[in-house]
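Enquirer: In case you want the letters, here they are:
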Amino acid sequence: MADSGKNCARGIVAALRSGGIDIVSTLPDAWLGDLIGGIEDDPSMKLIRVTREDEGLGICAGAWLGGHRGALVAQNAGLLLSTNVLAGIAYHHQIPAVMLIAMRGGPFDNQYYHAYKARVTEPVLKGVGIPYHHINGPDDFPVIASAWQQASLFRMPVALLLHRGALVDGAA
Amino acid sequence: MLRRALVGGLLKKHLHEDALVIGGLGSAGRTWREQNAPHPTYFASDPMGAGLMMALGLALAQPERPVFYIGGDGDLVMNLGCLLTVVGSGATNLKIAIFDNGRYETGGGQSLAGSGSYSLAGIAAQAGFPHAVAVSDPDKAEDDVISFFAQPGLAFAAFAIAVEASPYGPPPRWSQAEDRAVFMRRLAGEI
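If you read the sequences in order, they're chains A and P. The first sequence begins at 1104 in the working numbering and counts up by one. The second sequence begins at 1456 in the working numbering and counts up by one.
From chain P, some residues computed to sit far from chain A (all C-beta separations above 12 Å):
| id | residue |
| --- | --- |
| 1 | R1488 |
| 2 | T1561 |
| 3 | G1569 |
| 4 | Q1581 |
Below, a sample of chain P positions facing chain A; criterion: calculated Cβ distance under 10 Å:
| id | residue |
| --- | --- |
| 5 | L1475 |
| 6 | S1500 |
| 7 | L1507 |
| 8 | M1508 |
| 9 | M1509 |
| 10 | L1511 |
| 11 | L1513 |
| 12 | A1514 |
| 13 | L1535 |
| 14 | G1536 |
| 15 | C1537 |
| 16 | S1630 |
| 17 | L1642 |
No lab work stands behind these hints: they were computed from the structure. Because the structure is a prediction, the values reported are computed rather than measured. Ideal Cβ positions, reconstructed from N, Cα and C, are used throughout, including at glycine.
Kindly generate the complete structure, drawing on both the sequences and the hints.
Expert: Here you go:
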């Protein structure tokens, strides 16, 4: 299992690198440990730890102002918290970013406190009008590599909803 | 207590000529706009609480240039954890000036939560800023500004701003996205 997580992390980091992402903000989730470690170990990326996820979106915005490509790595609870900043960056500032979101609350989660998150994440993204893609496992990692291109063309953040198979136990 | 125009003028006078500026929303941002400073400036506007993080992102993206954030206390206290993030980021090219009057000035002058019971400079110092000062004496303000900008690393200054009216003007001619494009093209040397 641990090796699967690290293999997934390597694949996602490689996809981010090929998309030119070089500044990554994060607030952890249990599923994100290997990915965050992989980003921290990658010399082409700078990892910034934030205290709230919407800070990370602000950092992404400033990074793009300065000519770099930013990503946020967080749980879907953090995406929900960030909705106001997300909408402001998408529509008021019109700035791209990539959001890698651990999609907690699915059929493989066994805690009540996660359950609501999966039920509201997609409706919120649809409500705000943010493009999103499901990343179920390594076969979907090419979408991660091209997410920046879509964000840049749309001039708004794009969300990648990372399921357990893409972070913890996918065969990579 | 300090007049906004005095502080704005001193900041413009002593800011490094190569600096990039992120301005917050409200009276602090308007004060900077009124200076007509030559430095490339992006006014972060809404959403509240995000401006300082935009400045940090810009500082990380442009590590060879000084970056200066000027914003209000209401904006900052919406996301005080930002101070920990700034320190933890390792950025050393960011200076932060906060207009501190304990009020949401352009929102009608309502008090901030806990207004009068805290020190923003004290909070920044405890967060790990190597230089964090409260500036309130008009006769010492210029020396304080010079010292603030002369710091080799992160610096934070909270300016005690007197209560003055700061009404919203009419909507500007250009949208946020249009201003953003101009700022980025100026940074890229295209205009």
